[in-house]
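Going down the list, the sequences are from chains H and L.
For the first sequence, the tail end lands on 212 under my numbering, and the numbers increase by one without skipping.
For the second sequence, the tail end lands on 219 under my numbering, and the numbers increase by one without skipping.
Think of the hints as simulated: they come from the structure by calculation, not from any bench.
One or more hints might be untrue.
Straight-line distance between alpha carbons at most 27 angstroms, and here's what the computed DSSO-like set of lysine-lysine pairs gives [said to hold, decoys possible]:
1) H:LYS114 / L:LYS141
2) H:LYS114 / L:LYS17
3) L:LYS97 / H:LYS114
4) H:LYS122 / L:LYS17
5) H:LYS114 / L:LYS210
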Amino acid sequence: MTDWQPLWLSFRLAFITTVLLLVISIPLAYWLAYSRWRGRAVIEALISLPMVLPPTVLGFYLLIALSPSHLVFTFTGLVIASLFYSLPFMVNPLLSGFKSLPPALREASYTLGKSGSTTLIKVLLPNIRPSLLTGIVLSFAHTIGEFGVVLMIGGNIPGRTRLASLAIYDELESMNYAAASTYALILFTFSFSVLLIVHLVNHHFSKPDPLS
Amino acid sequence: MTTAGRQQMDLAFEVEKGQLLTLYGPSGAGKTTILRILAGLTSISSGHIIVDGDVWYDARQKINVPTQRRSIGFVFQDFGLFPHWSVYDNLRYAMPKGEDPRLMHELIELMELGSLQDTRPTFLSGGQQQRVALARAIVRKPRLLLLDEPLSALDDDMRHRLQDYIERIRRHYELTTVLVSHHLPEILRLADAVIWLDKGSIRQQGPPEKIFPPAPEKT
């Protein structure tokens with residue numbers, strides 16, 4: 001009998017992380033795309049860092065940062081860690097979306113007397129829908145796929161912080177191959193399907209593929 | 001900055017209220033840049049811009065009215081139409097809140113856009129897009145109309161009709177206009193004054209007949 005709890009936890013974590021990332025990343029990517037501040041390269045590099053760092057490095061620093069607040073080994077702690085871990089997967093597609101728009105779109109809206117926020121919501125975001133979709137799907141899928149960071153911050157507590165990716169490792173350790181295989185197959189099918197959907201949708205919009 | 005790269009620009013000019021000034025000159029002379037400076041889209045290091053007695057820019061007093069609060073209508077060379085909206089929605093977005101929609105409907109009719117109202121810009125020809133961009137810039141009744149080669153993509157027939165229309169609406173609403181144009185017949189027809197630019201400075205300035213005297217007739 002499959003224990004669905006880890007899968008449910010994984011999806012709940014991914015959903016909350018994706019929603020929060022969307023709220024954080026839209027203004028952040030907008031600012032990065034149009035700011036003339038010279039230091040923004042440093043911010044861009046920092047945001048992309050989780051893509052190349054070993055998850056244990058990020059986990060180590062987060063563990064130290066979160067320890068005084070008693071958020072370690074809690075679901076909230078997992079959400080905070082996931083926000084850092086998946087941030088580039090939301091910000092980067094949005095950033096390239098904004099940068100691919102012709103400057104005249106934004107400027108035309110300004111000349112019509114519209115504020116920066118009206119321009120963002122009514123003109124820019126509707127024109128980067130493929131990038132929004134890519135960001136949402138990649139952040140969700142990437143959060144589902146976390147292992148190292150969530151192991152260090154969450155501690156693999158059943159029912160609270162034991163996610164699907166950790167459950168596979170656990171079942172394997174206790175030689176429970178059938179259960180491990182079920183989790184693995186579900187995660188594999190899920191990840192493949194979402195990536196396939198993103199590619200199909202982006203082909204449909206016939207814009208340069210943000211994944212490549 | 002011009003299309004020829006970074007370059008020093010140093011010039012001063014005045015346009016009388018309700019008049020049409022044409023900027024003429026080779027590419028890279030700084031024509032588009034002047035329009036962008038007037039719109040507040042390109043920044044300058046010194047000088048001032050005064051419209052109808054209101055200071056839009058003054059380097060010394062550190063005044064720089066943002067683009068959104070300058071009463072301008074701008075027709076961009078690549079139009080800058082919003083691709084996710086129909087022609088009608090593009091115009092409606094440009095209307096200030098609470099404004100009488102009659103002008104918009106009048107413009108739709110005069111620009112012959114009636115049958116295209118529900119079409120998105122992507123499905124329009126260059127000339128049709130240009131008409132939409134022109135209508136969108138005028139619908140706010142701006143104090144300063146900035147036109148960057150607004151009729152270049154039109155055939156002669158439509159070009160003539162829109163020249164008439166620009167002329168009429170400009171006089172009717174007393175729209176002070178700065179037009180970038182390469183097209184001599186158009187300049188002679190529309191312009192009250194011409195500035196001939198070269199490499200960021202004024203080469204010649206005056207009424208169009210003086211700058212482009214008619215060629216002596218061959219006998």
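Now for the hints, and whether the structure bears them out:
Between H:LYS114 and L:LYS141 the alpha-carbon distance is near 15 angstroms, which keeps this suggested pair within the 27 angstroms criterion. Taking the CA atoms of H:LYS114 and L:LYS17, the gap is near 25 angstroms; set against the 27 angstroms cutoff, the hint holds. Among the hinted pairs, L:LYS97 with H:LYS114 is consistent with the structure: their alpha-carbon atoms are about 11 angstroms apart, no more than 27 angstroms. With a CA separation close to 34 angstroms, the supplied pair H:LYS122 and L:LYS17 exceeds the 27 angstroms bound.
This hinted pair does not check out: H:LYS114 and L:LYS210 have alpha carbons roughly 41 angstroms apart, beyond 27 angstroms.
Of the numbered hints listed earlier, those contradicted by the structure are 4 and 5.
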